[in-house]
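Using the sequences and the accompanying hints, generate a full structural model.
First to last, the sequence lines map onto chains S and F.
For the first sequence, position 53 (counting from the first letter as 1) is numbered 53 according to the numbering used here, and the numbering increases by one without interruption.
So the number in the numbering used here is just where the residue sits in the second sequence, counting from 1, plus 220.
Calculated from the structure, these hints are not laboratory results.
Even glycine gets a Cβ: it sits at the ideal position worked out from N, Cα and C.
Accuracy of the hints is not assured; some may be wrong.
[To be verified] Some, not all, of what chain S presents toward chain F, calculated at C-beta under 8 Å:
1. Phe16
2. Leu56
3. Arg66
4. Gln67
5. Gln79
6. Met86
7. Phe94
8. Leu98
9. Tyr99
10. Gly102
11. Ser206
12. Tyr208
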Amino acid sequence: MSEAEPLLRLSQVGHFFGSRLIFKGVSCTLDQGQIMLVAGPNGAGKSTLLKVMAGLLEPTAGVVTRQVAHKNMAFMGHQTFVYAAMTALANLEFWNALYGRGLKEKAIIDLLDRVGLKGFALELAGTFSRGMAQRLSLARVLLIEPELIFLDEPATGLDRASQAILHGELTMARQRGAGIVWISHDLERDLGQADMLLYLNRGQMSYYGPGADFDLEEQA
Amino acid sequence: MIRSTLTIAGKDLRLAFAGGQGPVQAILLGLLLVFLFSLSAAPGDLFSSQQGMAIFWLCSSFAVVLIFSLLFRFEEENDTATALILSPAPIQSLWLGKTLAGAILLGLCQIFFFLAAVVFLSLDVQGSPALLLLMIVSVDVGLCVLGGLMGAMGHGQGAKDTLLTIILFPLQVPLLLGGIRIGTEVLYGALAVDVAQWFGLILAFDAVFSGAALFLFSHVFRGE
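Have a look at this one:
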């Protein structure tokens, strides 16, 4: 991969569910160490766009190019991707094995420590609160050490402490060179952290550019 | 692929036994069926080997539906299916892992079904137990290959169990006929010529549906 090559490139991407247009004409790029915020009103197609970017959905139109292998991508969404009947440690051990990361148990415990769950390593994930389950989900993302991270409103339901952990870890991932696509419902809170903003409205990309240049009041 | 398959199968078995739900429901249903069928004979009357094998495979057929419904439900609770699709593991290893876990759970259930059939239906193995085992394994492979594919088809659908039942049972018929036919001969201890042909049918079924499942699973599971 050359230095100048973006991690992710979308060219005139569109998506339909049946005959219903979700969005069209979306073009953007994401470079290493960049955070791109995806925003827009409810039903604008943000989550669908994220799934298209991550390769979970094939776009109906346009081209998506990813310069990152599957094993180096991570997705964190509303759902926690947690097996409730397994302990926190067993959950991470499973993803560790599936991704072939080869981490020892101590390293996995350290990951749980980073998200504040070390004391709950041997407890069933099904007994966790929403915030704790989401932190376990974050530990799964950290375990992968991804180069490309897709986040679908990851802070939903998190308390301030959990949000601080999330933002701290994302900052570290960004400093490591990871590219982050982040769907946010709270532009006022998150816009300051974004390098780029992609705003979807009525099936169109109504804004794509530096987050700092976006006029929040005009859009509202 | 083998490593991913074993990892997924191990995780599924762990989950199946962790909840205490696992194969218990399938075993209890099978035992109930064997017991109820045992009441259909007058006291002192013996069941024929064919009747015994038919009841054994009926229990197994219901067990397949329950087991694969459970295995795919694991991926629905917190949408772990999405994380599995995004993982570097080949999507076919998900099918293979679930098929392997399903086969192990089915085999466990069948131990109970067979013992119950021996006790309540007075089944007696006069032929080769090795041949009987070979037949059961051959039929189980087909049942689980189908179960894995159909489970993926019903994944995320409200009417999953209905869908699984409606499509799965008719497709199982050749396997079940072969299982009953060969099982009857083995239990009698007198092998007829057509046993080889039934084995051929079962193995061909296993091969055809394994190939189809390897090709189709990705599309079916992703809902494309």
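Broken hints, by number: Hints 1, 3, 4, 10, 11, 12 are the ones this structure does not satisfy, whereas the remaining hints hold.
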